[in-house]
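When we follow this note's numbering, the leftmost residue of the sequence shown carries the number 562, and every step to the right adds one.
Hints are computed from structural coordinates only; laboratory data are not their basis.
Keep in mind that the hints are not guaranteed to be accurate.
Derived DSBU-like pairs (lysine-lysine); straight-line CA-CA distance at most 35 Å [claimed, not checked]:
id, residue 1, residue 2
1, Lys-1165, Lys-1176
2, Lys-1056, Lys-741
3, Lys-1122, Lys-1176
4, Lys-987, Lys-897
5, Lys-1121, Lys-1204
6, Lys-1095, Lys-673
7, Lys-1095, Lys-1165
8, Lys-1176, Lys-1204
9, Lys-1056, Lys-1037
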Amino acid sequence: MNESNKKRLKIIYTCLFTSLALISLSIKPKPILGAERISFSLPVLGEFHVSIDSLELFAKEGEIASDLKLYTSRLDQQTVTQLRQALQQKLDVNPILVYRLTNMPMGEKFLKEIGEVIYTHPNSNGLFAIRSALILAAVDSKGLTAINVMRHFPTQEIQINTKLLFSLIKETANFLAYNKTTVKAIASEANREVTPQPKIDFGQLPNLRQPGTYPVKQTTITFKIERVRQTSLGFANSYNIDADIYLPEGLLQPAPLVVISHGFTSERSDFDDLAEHLASYGYIVLVPEHIGSNRKYKETFLRGELNVDVSPSEFYSRPQEITSLLNAIENNSEFKQLINWQEVGIMGHSFGGTTALLASGATLNQERIKQVCQQNRPTLNVSMLLQCRASYLPPVEYNLRDPRIKAVIAVNPVTSSILGPEGMGKIAIPTMIWAGSKDLTAPFIQEQVHPFLWLKNHNKYLGTVVGGTHSLDLGKSYLKALSVAFFDVYLRGQKNYQPYLTDAYSKTISKKELPLHVIKSLTPAQLEQAYGSKPPNAPIPESIVALSATQAENALADIKKTGTLKVAIRSDAAPFGYLDSKQALWTGFCVDFADSFGNYLTQKLNLTSGIEVIKLPSNLENRFELVRNHTVHLECGPNTISKEREDISFSNPFFVGGTRFLVTNGNVAQFNLTKGLEGVKIGVLKNTTTAEFIQATYPEAEIVYFQGQTGRSEGIKAVTNGSIDTFVSDDILLRGAIEQQNLPPNNYQLVPKEPLTCDFYGLILTQGDRQWHNTVNLFINQQAKQIQNKWLGEYFPQAVSDLDYCFHKQKN
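Take these sequences, add in the hints, and give me the full structure.
Following this line, the structure appears as structure tokens:
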């Protein structure tokens, strides 16, 4: 065997056995004896095996059997020792905790990625096998060890995807090399920026690492927010939030204000030290508790009292809480006069850093996050587990910026996909990004260095703690000093503190074992030059438009040829499409959507004469046929996405509706789902998925069918006059119909609290026309937000709540 093959084998064997050992530290049970061997193949060299017995003998006795010796002989002694230690390591973890962690969405996504490498069959992801093995090993008296996990693998053979494993090995090597050269590029840029600066004796300037001159008083305030949110008690329509406020004593004039946002599974008390430090320099500091992603929430989830690990709504609830907090303080007579409202800043750590950036003008990049998260390929970027939760958000434009905020510091933020170049480029205020070069939770290149390049504002800084991790503890004294200086310059306007924001100052406070670099500029060319070739991760990723662009044909070709876009729209489904009797207009989301889509296609197809949008009425009975026979190019309405339809397809979802019963206030007490619905008269629209659901779920009920364009309004009237007990439909359609009929909404209730079903709405399209599908989906994802906000915005909080419930109900 030549040297190149030997080196290849050494790398693979090392990573292969180590990964199997470590997975037990990171899964439906089957009654089977468990795995007997590990199997993998190498190109040209063939298939290889090693028995679990040999690995167990090696772990217990240190004895290397012949089949294992074939591989260990190609490893150095240090690696062999580390392998044995990994095989011996035991984790004392509660089996219920293992079950919860491996069944939550983020944990399942992680295991699914591992399942691409370790599986029972090449055509089957190893997710369920790995999860089963982990849970059973945790229950077993021998505990959670690598050997015991293998023993509980539900097949006799554990197969390894060596092609993907080798790709990950190469990716890891490239990542480590790029990390190293990036640190060098930052250090080089720091030296370049220092060179033209006049020398300053920082020993003669105030030591900003030490507390300031103001005594600090800390108190806690509580305020109520009227908004749907995930809490540690479940979803709530309103909730109380606590915030610690740090007040400098002896203030002679209104002081600047800094808000600090804590990270995922952290809590506000973790920032006592930093908050008190800023307050000692004359800043009023507010630290809110984000109750849907704090430590208490995590503990409640792990106890099994919640089904949601982190709600997608957390991505907009957190920055909205910042605004609510500022509003509450601004309207509080005790605190309002103490604050200079022209000098408000924000900082945050990890998820809190992302929160701070969103409140400062960054925008949620839903197109990019959905595209990235559809790729289930294993990644070294652990933060994507959190970021991908945002892919479930409704496609609406979230305006999260608070204009009162004038400067932002984001410490170890996650940004690469949830914000991306498009979102980061929207920040227009002074920004400092803080990073640790050994951050494994939010890798500093993808999540901080590259995003720093995407900032377009002039006053931007990148602080890098070489050797720093995701923890705030390493380099905290650096952060204390730099945060005071940054806010002094950009909130108070004290330019004499500008020298602190240079690498010259960083050098004076840096410890040899933990250097700090602060730079104001960095380019992709510098990173490429330091790496010596094109970096493994593009500093400026390809734009979403370029990734999604398609060529026109079929429906697009017909539209270009005829100059017409034909759209079928409902007239009985407010707010999607309905006849407004007051204004005698056919209006709603779909009407505006059709007009806007026509303008979009005019530009896309470069039609100087424009496109005529022809709107045709549709109903429950003909909506599919209109598309199937090419009468229209698409149908817009509350169409439940379903795989059972023939010859038609659906666009990406543009809304999700929850199904509920409409009852009058006087009939709520008699309407009890837990006691069954025998004899209850339930009204429902005929030939709908809701009707199918009611027939299957409540066969004992007396079903009354309504149909036609007036079916829903007639059903609501029947509930009102008592001829039926309830009418069941999507709550958004019920609310819209009640409003259209000018009925008092307070006379009715929608039950139960949690939806019976969740229905994703999509446009009806012809099947097989991929270019048309991509064009429609691209418009929905990138251009339709303003229309969605106008017509559907008030319904999105309930939609997010319903989606979270149904999504996690399916998971369980």
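Outcome of the hint check:
no. : hint                : verdict
1   : Lys-1165 - Lys-1176 : 20 Å, holds
2   : Lys-1056 - Lys-741  : 34 Å, holds
3   : Lys-1122 - Lys-1176 : 18 Å, holds
4   : Lys-987 - Lys-897   : 29 Å, holds
5   : Lys-1121 - Lys-1204 : 30 Å, holds
6   : Lys-1095 - Lys-673  : 30 Å, holds
7   : Lys-1095 - Lys-1165 : 33 Å, holds
8   : Lys-1176 - Lys-1204 : 26 Å, holds
9   : Lys-1056 - Lys-1037 : 24 Å, holds
In this structure, every one of the numbered hints holds.
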